[in-house]
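Peer 1: Letter by letter, the chains look like this.
2 protein chains.
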Amino acid sequence: MSQPFSFHLNKTDGAARRGEFITPHGKVQTPAFMPVGTQATVKGLMPEDVRATGAEIVLGNTYHLMLRPGAERIAALGGLHKFMNWPFPILTDSGGFQVMSLSDLRKLDERGVTFRSHLDGAMVALSPERAIEIQALLGADISMQLDECLKLPATREEIARAMQMSLRWAERSKRAFESHARAGCALFGIVQGGDDIGLRQESAQVLTRIGFDGYAIGGLAVGEPQEVMLKIVAETTSVLPAERPRYLMGVGTPHDLIGAVARGIDMFDCVLPTRNGRHGMAFTRYGAINLTNARHADDSRPLDPESPHLAARTYSRAYLHHLSKASEMLGAVLLSTINLAYYQTLMAGMRKAITAGRFADFKAATEAEWARGDLPAL
Amino acid sequence: MSQPFSFHLNKTDGAARRGEFITPHGKVQTPAFMPVGTQATVKGLMPEDVRATGAEIVLGNTYHLMLRPGAERIAALGGLHKFMNWPFPILTDSGGFQVMSLSDLRKLDERGVTFRSHLDGAMVALSPERAIEIQALLGADISMQLDECLKLPATREEIARAMQMSLRWAERSKRAFESHARAGCALFGIVQGGDDIGLRQESAQVLTRIGFDGYAIGGLAVGEPQEVMLKIVAETTSVLPAERPRYLMGVGTPHDLIGAVARGIDMFDCVLPTRNGRHGMAFTRYGAINLTNARHADDSRPLDPESPHLAARTYSRAYLHHLSKASEMLGAVLLSTINLAYYQTLMAGMRKAITAGRFADFKAATEAEWARGDLPAL
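Chains L and P, in that order, are what the protein sequence lines are. End of the first sequence = 378 in the numbering used here, gap-free, step of one. End of the second sequence = 378 in the numbering used here, gap-free, step of one.
Just chain L, with the same shape it has in the complex (with noise of 0.2 angstroms):
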């Protein structure tokens, strides 16, 4: 009975969008921040503490999952959803950027990639269609297709040959994601071609004849300037169809959000504000902050006294720093949530923004208020 995956773009302000998306598990504001909950768990946070930072969507990792505790056993516990206990919308990657950057990969060819398991050595096999599989296993809201991601430097022949292989691979996962059809779930294409405009712009459009309910961006982030990535994004999307959402993988630092959403971007993941949080990291509106720094050993005052989230009005920048130093666990779930309710904030306050068409004047004030960074020092 579920209505299909839809897409609605409610209003642009410029190149920067504001939609929503319906799912199986609910409906996802645009633009979208989503965070990620490698094995089955956003580090350290119950998911009711995730769910009120503000997020819709969580991202749960096929390349993990996999491995362990495993797709068959999840799907027959009723599902990631219920296992994780997150009765929101779910999004999947596909493993393919994991196989690259965890294990000794140890053949790909057209037929998919034979890795070995960084857990226990055990030889795995995984093919677009096995991608798939395994993410309906799981009752992703919104899977993604198996790319072939590339381990930089890599020559202009080399991205070509990979871009050209990930089309190839995302034919095959769309006729195998209508094989497992599941109503109102969604997969997407990731469009690849590194750091060339002309590949990109080839890749989305051959993206855009197979046709996706969705459009990502892979194979960004990943050391070049963050000018290259924006002009690529913005290469990227105006070739995009509108009437569908782009997804901007593993990306990034609220200047990169802010950044990518000016260039037509729906949707965002990244480890950045729980893993930088685990490290005594906390993002703000004043920009970010080493609370690792002695000088808030003894600063009574809260890392942002007009924050809508309750802990980062409540516990002082003393108390993060001496968490932080003492390695405590309570310190990495703080500032996780605080990092993942900022990053919310901010996607709600670009939401806002678009929909008043007064995007620039947020983005130039936002910007403006990290430049001018932290408060005084007490």
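Careful: at least some of the hints might be erroneous.
Copies of the same chain are indistinguishable here, so a pair counts whether it falls within one copy or spans any two.
Stated by the list, open to error - In silico BS3-like cross-links for lysine-lysine, where the CA-CA straight-line distance does not exceed 25 angstroms:
#1 K43 with K325
#2 K325 with K82
#3 K352 with K82
#4 K363 with K352
#5 K363 with K325
#6 K174 with K107
#7 K107 with K11
In case anyone wonders, no lab produced these hints; they're calculated from the structure.
Based on these hints, arrange chain P on the given structure of chain L.
Peer 2: Same frame as chain L, now just chain P:
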């Protein structure tokens, strides 16, 4: 305007006692279990989640807090309650136990101890007077005297000497406490004497003559058989004044708690529910359950479908198994809160049973349920 610290004994049932004490930060129902907040945090848990387990009081560690972030610093930041965002009662220990267990003890004499910090190697002095001053700076509702905690094994002569020293330090602690008069706050003396009933009773009697707001039993649960511990508890509580709370320090398992309440103990603290939770162990009415065991990998049942605590009813054993095997922080967080909630449920059950005059039945039924063990495998 605080009322003085007071303890009200509402009901006895055999040696078991039902009461409450009143502190500047609120009332505590006894028998009570105090979660351990070593470094100004119950590891991994937000204070509201600690409170939601039913905890009415937590313990803070003088040794840890004096070294980092420092007692004067916490005082300048408004005290420990504000620092850790726990507006309810706090008991602090005196540091004696951690000086013995964590530091290179350099020198112990009549004046006090000088030890090397386990954090940075600095030499630090702790005397009975300084221990009281630190606890006043922290703002403890209940302070503990400094005592000498022996490394075991020790001869009877050594135990007697340390016990006598602890009594002299008890007198000095009381004088120091009176000079830091804080309305409504309490000071507890600590009974020492190893496994020697005569020394234990002498210690208890001298402490009672000095006069404290409550009496702790220290130096137990350090490896002796449970029956030895419970015998010493019984022989010690029998000579302590009925109108003051008795606190068994650092104890223990659920078995220990119910056995010690049966022998007249009113208060406990222990790291077991949180420490074991971080290692994949759950305390339940079915006994202790090791969730890292493979038999839980496909078990969709919650730990205890009838638990009053939401997390124990919600998350599957398979999920808790997965989190523990994957060393995910959320496994530690969920099992710590589930375990603390079980401890509080157990204490609440004991309180209710004592009030109803059926403590022996409750104890027998609870122990029988533990002995039956976990649910049969699916």
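Peer 1: Going back to the hint list, which numbers does this structure go against?
Peer 2: Hints 3, 5 and 7 not satisfied by this model.
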